[in-house]
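**Student:** Residues per chain are reported as follows:
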Amino acid sequence: DGGITQSPKYLFRKEGQNVTLSCEQNLNHDAMYWYRQDPGQGLRLIYYSQIVNDFQKGDIAEGYSVSREKKESFPLTVTSAQKNPTAFYLCASSVPGQGQHTYEQYFGPGTRLTVT
Amino acid sequence: AQKITQTQPGMFVQEKEAVTLDCTYDTSDQSYGLFWYKQPSSGEMIFLIYQGSYDEQNATEGRYSLNFQKARKSANLVISASQLGDSAMYFCAMRAPLWGNNRKLIWGLGTSLAVNP
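Protein sequence lines, in the order shown, are assigned to chains A and B. Per this note's numbering, the first sequence starts with residue 47, numbered consecutively. Per this note's numbering, the second sequence starts with residue 33, numbered consecutively.
One should not assume that every hint holds.
Said to hold, decoys possible - FRET-style restraints, in silico, Cβ to Cβ:
| # | chain 1 | residue 1 | chain 2 | residue 2 | range |
| --- | --- | --- | --- | --- | --- |
| 1 | A | Tyr56 | B | Asn134 | 46 to 54 Å |
| 2 | A | Ser53 | B | Glu93 | 40 to 48 Å |
| 3 | B | Val110 | A | Phe58 | 35 to 43 Å |
| 4 | B | Thr39 | A | Arg59 | 33 to 41 Å |
| 5 | A | Val141 | B | Gln62 | 20 to 28 Å |
| 6 | B | Met43 | A | Asn72 | 29 to 37 Å |
Honestly, the hints are just simulated from the structure, not real lab data. Just so it is clear, CB atoms sit at the ideal spot from N, CA and C, and this is done for glycine as well.
Can you make the complete structure from the sequences, with help from the hints?
**Tutor:** Written out as structure tokens, the structure reads:
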């Protein structure tokens with residue numbers, strides 16, 4: 047089955063530690079995204095990547111880093127510089143291109159990160 | 033500035049009845065797309081329906097339809113014959129402009145829908 051996997055579902059870390067969240071897709075999508083969701087809030091874009099070896103900062107990139115070495119994978123590292131890392135993290139992918147198409151984003155199940 | 037506004041933090045509906053979830057948007061782009069997503073308690077975001085700014089017909093997908101009123105800048109989601117499984121958060125999102133390589137979505141804060149048996 048095609049889809050997006052994120053692991054683990056729940057992640058616990060001590061303050062001051064870096065942590066990497068996994069995101070893998072087998073939809074053959076070129077574009078991938080990382081969002082953060084806090085309680086009672088909408089989604090906020092952290093980073094996105096439209097092609098391999100290229101990525102752009104979103105609205106809240108400070109304290110996060112990403113890599114895109116393979117089309118299928120877009121891991122997100124939450125660094126110790128992120129002041130409030132406890133949140134729900136969602137990875138998504140979509141088909142890029144030109145013109146007026148839907149290009150809806152498909153989402154993974156999310157990772158709930160708790161830092162204490 | 034581009035913005036999505038969902039004014040209903042929470043809604044209740046009786047099973048088998050229809051419900052409308054409000055979404056208003058603001059953009060200066062002539063070409064844009066509007067999306068609705070469902071987020072059940074499990075957390076995954078599920079794409080429901082899409083409306084392009086140049087689409088003349090309102091979008092429909094099964095029990096979901098989009099009441100698109102361009103002059104009022106509104107894109108309300110209508111769920112017909114509500115089911116218990118429709119209980120979830122619902123998010124409205126916009127991509128503007130549609131042309132070019134822009135793939136970023138602007139998101140609303142969501143509406144929590146509870147379906148009563």
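**Student:** Which numbered conditions among the earlier hints are violated in the structure presented, ordered from lowest to highest?
**Tutor:** Failing hints, ascending: 1, 2.
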